[in-house]
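Peer 1: Here the protein sequences line up with chains A and B, keeping their order. Using this note's numbering, read the first sequence as starting at 1 and increasing by one per residue. Using this note's numbering, read the second sequence as starting at 291 and increasing by one per residue.
Since the hints were derived computationally from the structure, they do not count as laboratory data. Be careful, since some hints might not be right.
[What the hints assert, rightly or not] Calculated pairs, SDA-like style, for lysine to any residue (alpha carbon to alpha carbon, straight line, at most 20 Å):
{"#": "1", "chain 1": "B", "residue 1": "K493", "chain 2": "A", "residue 2": "E96"}
{"#": "2", "chain 1": "B", "residue 1": "K433", "chain 2": "A", "residue 2": "F196"}
{"#": "3", "chain 1": "B", "residue 1": "K433", "chain 2": "A", "residue 2": "F269"}
{"#": "4", "chain 1": "B", "residue 1": "K493", "chain 2": "A", "residue 2": "L250"}
{"#": "5", "chain 1": "B", "residue 1": "K493", "chain 2": "A", "residue 2": "I94"}
{"#": "6", "chain 1": "B", "residue 1": "K433", "chain 2": "A", "residue 2": "L97"}
{"#": "7", "chain 1": "B", "residue 1": "K500", "chain 2": "A", "residue 2": "R260"}
{"#": "8", "chain 1": "B", "residue 1": "K500", "chain 2": "B", "residue 2": "K433"}
{"#": "9", "chain 1": "B", "residue 1": "K500", "chain 2": "A", "residue 2": "S95"}
{"#": "10", "chain 1": "B", "residue 1": "K500", "chain 2": "A", "residue 2": "L97"}
[As the list claims (entries may be wrong)] Some residues of chain B that are not near chain A, with every Cβ distance over 10 Å (derived):
{"#": "11", "residue": "A323"}
{"#": "12", "residue": "L329"}
{"#": "13", "residue": "F330"}
The model shown is predicted, which means the values in this text are computed figures rather than measured ones. The C-beta atom is built at its ideal place from N, Cα and C for all residues, glycine as well.
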Amino acid sequence: MADILTTWAALTFNGISFGMILFLISSGLTVTLGVMRLVNLAHCGFAMIGGYIAMAAVDYLGFGLLASVPVAVVGTMIIAAVIERTLFQWTYGISELGQILMTIGLAFVMVALCNILFGPLLHALPVPDWLTGNFTVAGVVVSVYRCFLVVVSGLIAIGIWYVVERTDFGARLRASVDNPRMARCAGINVRRIFSFTFTAGCGLAAVGGVLGTQMLPIEPFYALNYLILVLIVVATGGLGSLKGSFAAALIIGVIDTYGRYILPAGGGFVMYAIVLVVLLARPQGLFARA
Amino acid sequence: MTAETQAANAAAVADFRARARWQWYEPIFWLGAIAWYFLFPTYLPLGTQVLCSALFALSLDLILGYGGIVSLGHTTFFGIGAYTAGLLAKYGWGEPITCLLAGGVTAAIAGWICSFVIVRVQGVALLLVTLGINLVLYEIANKAYTITGGADGLQGIVFWKVFGVFDYDIEGRVAYIYTLAVVFLLFLVARRIVYSPFGLALKGMRENWKRMPALGAALRHHGALIFVLSAAIAGLAGALLAESVQFVALDSLGVQRSVDVLTMLIVGGTGVLYGSFVGATVYMVVRDQLADLNPAYWYFWIGLMLVVVVLFTRNGVVGALSDAAAWFQRRGRAQS
Numbered sequence: 001m002a003d004i005l006t007t008w009a010a011l012t013f014n015g016i017s018f019g020m021i022l023f024l025i026s027s028g029l030t031v032t033l034g035v036m037r038l039v040n041l042a043h044c045g046f047a048m049i050g051g052y053i054a055m056a057a058v059d060y061l062g063f064g065l066l067a068s069v070p071v072a073v074v075g076t077m078i079i080a081a082v083i084e085r086t087l088f089q090w091t092y093g094i095s096e097l098g099q100i101l102m103t104i105g106l107a108f109v110m111v112a113l114c115n116i117l118f119g120p121l122l123h124a125l126p127v128p129d130w131l132t133g134n135f136t137v138a139g140v141v142v143s144v145y146r147c148f149l150v151v152v153s154g155l156i157a158i159g160i161w162y163v164v165e166r167t168d169f170g171a172r173l174r175a176s177v178d179n180p181r182m183a184r185c186a187g188i189n190v191r192r193i194f195s196f197t198f199t200a201g202c203g204l205a206a207v208g209g210v211l212g213t214q215m216l217p218i219e220p221f222y223a224l225n226y227l228i229l230v231l232i233v234v235a236t237g238g239l240g241s242l243k244g245s246f247a248a249a250l251i252i253g254v255i256d257t258y259g260r261y262i263l264p265a266g267g268g269f270v271m272y273a274i275v276l277v278v279l280l281a282r283p284q285g286l287f288a289r290a
Numbered sequence: 291m292t293a294e295t296q297a298a299n300a301a302a303v304a305d306f307r308a309r310a311r312w313q314w315y316e317p318i319f320w321l322g323a324i325a326w327y328f329l330f331p332t333y334l335p336l337g338t339q340v341l342c343s344a345l346f347a348l349s350l351d352l353i354l355g356y357g358g359i360v361s362l363g364h365t366t367f368f369g370i371g372a373y374t375a376g377l378l379a380k381y382g383w384g385e386p387i388t389c390l391l392a393g394g395v396t397a398a399i400a401g402w403i404c405s406f407v408i409v410r411v412q413g414v415a416l417l418l419v420t421l422g423i424n425l426v427l428y429e430i431a432n433k434a435y436t437i438t439g440g441a442d443g444l445q446g447i448v449f450w451k452v453f454g455v456f457d458y459d460i461e462g463r464v465a466y467i468y469t470l471a472v473v474f475l476l477f478l479v480a481r482r483i484v485y486s487p488f489g490l491a492l493k494g495m496r497e498n499w500k501r502m503p504a505l506g507a508a509l510r511h512h513g514a515l516i517f518v519l520s521a522a523i524a525g526l527a528g529a530l531l532a533e534s535v536q537f538v539a540l541d542s543l544g545v546q547r548s549v550d551v552l553t554m555l556i557v558g559g560t561g562v563l564y565g566s567f568v569g570a571t572v573y574m575v576v577r578d579q580l581a582d583l584n585p586a587y588w589y590f591w592i593g594l595m596l597v598v599v600v601l602f603t604r605n606g607v608v609g610a611l612s613d614a615a616a617w618f619q620r621r622g623r624a625q626s
């Protein structure tokens, strides 16, 4: 009995740490969807770019994992800002379909370029010595690295919450999500807020991409393979709702981990079934305001 | 009804009739498809695949270009049609026309079941639902290898002679003519749907889905109906491909094929019927010519095609052509 309990406790903990990574990657997409109704299917590609930049920093410059994080974040944000200015800004006015096609095309180009530049192999970044190993709490074996992930992601989530709920910029952002037209009338430069949050969101995705390589290894098809998980988080969480996507990411992370344990052969089966039921019952997402 | 409104109605009806009339380029297009048979006898199998893909793209155009329903998993129905025809032939019934119809009917039933979800969601949720249904089905076909052959595909299928007379030959002549005939018939059906009052209601739905209910249009009902019709045509396209290549690959259910068909349609142009044919031809011929390339490069070209088409043309190749035609017309008028 105790064995079963500790197994499930360990699974739950792993699921939560996985969910935290999902939240980091998907938080940017939630905001871009909420503010600009921009369906950015290339979003996962930015997490991948972050991962590859970190990999290059570790391999060629001899950086450690933690030192490579800021390099990856800054690099990804620069790339994201350039792409936002050159490509995305032309898509704000066009139909949702045009945005979907443009961004999925962009994701394909990212996949192809990463494949050509870095090869098709899977990569996981090396974890520093002091973060390896496990420890035991009340009989539950906990990985030090996953603990570290939960703490770091938790701090970042608190940081996001603080910026969104307690700062002037956050107030403008919330106004833009709630009603972009009204916000514009009130003198808020919605475009600039959007550009800024888009870039910041891509930076957060890069953090998730770099720290999560133990669970989501870096590879050229990263941009497409994990896109569905990120879309699930955003859709079940509700557009523009950061709290919603936080809760959804944790739930999805835990369900996915349980699913793999109970039905290893079932692939993403359990999850897709649950998501279909959820979307049928609440098309706006679990946590969206009606 | 006053005489004025009567006259106005008659004018409107005449206008819609005129739009539905056959244009000069339409017979040229179909004559071109027949000419392919005589001009490129060694490329008939490619021609058959182009026709099947074009029919599949046409089915997607019905929901996307006319109904405004974006699907990332339309190959669900293509695959269901292909597997239905293939399984029937494998287990003893290889009559091509009944197999074809069976593929269409099963796909339509699957489409009818899915339509209950499809009409209730929009935006990201819609993408997710279509993709999700596709992924679940792919996993089922992959795992049930005793029935479907799993990743090896469905092998050992033999279809009987068409009408009991024409045997499938190695050069693909019979397959080409048979496919062309079926595709033409289904094109006529799609053309009829698009220019009917129902088709007009769909266009209204695409343009403004908030105003159409105010005019009394049953939005969900229309959406469900066109989704089922589109699923049936996709299933027929799948069955046609299975019959012409006598094999069903697992990737006929793969996400890649959904993206391929979406790319074809976008490159060709949405909501103009011929866009799917132009797009499928361009896409398949380019891919045939670049077949030696590393798949990674191919992804690059698909991606670039999508970005360029969305950013620089109003509606794919057909849109660009009609814009060019309008420009020449204006210039001609200005000069005369």
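Peer 1: Work down the list of hints and note, for each, if the structure agrees.
Peer 2: Hint by hint, here is what the structure shows:
no.	hint	verdict
1	K493(B) <-> E96(A)	16 Å, holds
2	K433(B) <-> F196(A)	45 Å, violated
3	K433(B) <-> F269(A)	12 Å, holds
4	K493(B) <-> L250(A)	41 Å, violated
5	K493(B) <-> I94(A)	18 Å, holds
6	K433(B) <-> L97(A)	33 Å, violated
7	K500(B) <-> R260(A)	42 Å, violated
8	K500(B) <-> K433(B)	43 Å, violated
9	K500(B) <-> S95(A)	15 Å, holds
10	K500(B) <-> L97(A)	17 Å, holds
11	A323	27 Å, holds
12	L329	33 Å, holds
13	F330	30 Å, holds
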